[in-house]
Amino acid sequence: MTPTHASGTFDVQIRPLPAYNTDDPTLGRMSIDKQFHGDLEATSKGEMLSVGNGAQGSSGGYVAIERVTGKLNDRVGTFAFQHSGTMNRGVPTMSVTVVPDSGTGELAGLAGMLLINIAGGSHSYEFDYTLSAGI
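Numbering-wise, my numbering puts 35 at position 22 of the sequence shown, and it's gapless, one number per residue.
Warning: the hint list may mix true and false statements.
Once the Cα atoms are required to be at most 25 angstroms apart in a straight line, the calculated SDA-like pairs of lysine to any residue come out as [what the hints assert, rightly or not]: (1) Lys47 / Met100; (2) Lys58 / Met126; (3) Lys47 / Tyr33; (4) Lys58 / Pro113; (5) Lys58 / Val76; (6) Lys84 / Val104; (7) Lys84 / Gly59; (8) Lys58 / Asp24; (9) Lys84 / Met100; (10) Lys58 / Met14; (11) Lys47 / Val112; (12) Lys58 / Ser115; (13) Lys84 / Tyr33; (14) Lys84 / Gly125; (15) Lys58 / Arg102; (16) Lys47 / Thr22; (17) Lys84 / Met61.
These are calculated hints, taken from the structure and not from any lab test.
Please build the complete structure, drawing on both the sequences and the hints.
Pasting the structure below:
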């Protein structure tokens with residue numbers, strides 16, 4: 014199956030949430046609210062957990078889950094993204110994938126990977142995905 018490509022921009026608001034079961038200042042919990050524009054016209058809501066060593070931009074990691082609701086190249090439905098990111102002495106790595114079998118409606122059977130670009134304070138995405146006939 015040949016992947017389809019989608020691209021565009023997004024706006025994101027990340028807000029701190031109360032810590033869960035810890036008062037360790039290196040652990041963080043945040044809400045994620047996004048508005049996607051372009052080939053993916055959608056909103057998302059999610060949660061992120063993070064850990065860092067306290068030095069800005071040095072080392073740390075995060076995981077997140079977000080539920081996306083909207084339209085992907087004229088197909089309507091919902092799906093979930095799973096994030097995993099690491100900062101190793103200032104060098105970032107990130108993986109954002111569609112959670113298997115999370116697609117609903119016309120997005121049932123969605124699979125793919127999202128690449129996030131941040132430049133000059135603006136966020137954009139490149140999304141390569143496939144749509145099977147569903148489950």
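Among the hints numbered above, which are violated by the structure, and what are their numbers in rising order?
Of the numbered hints, 6, 9, 10, 13, 15 do not hold.
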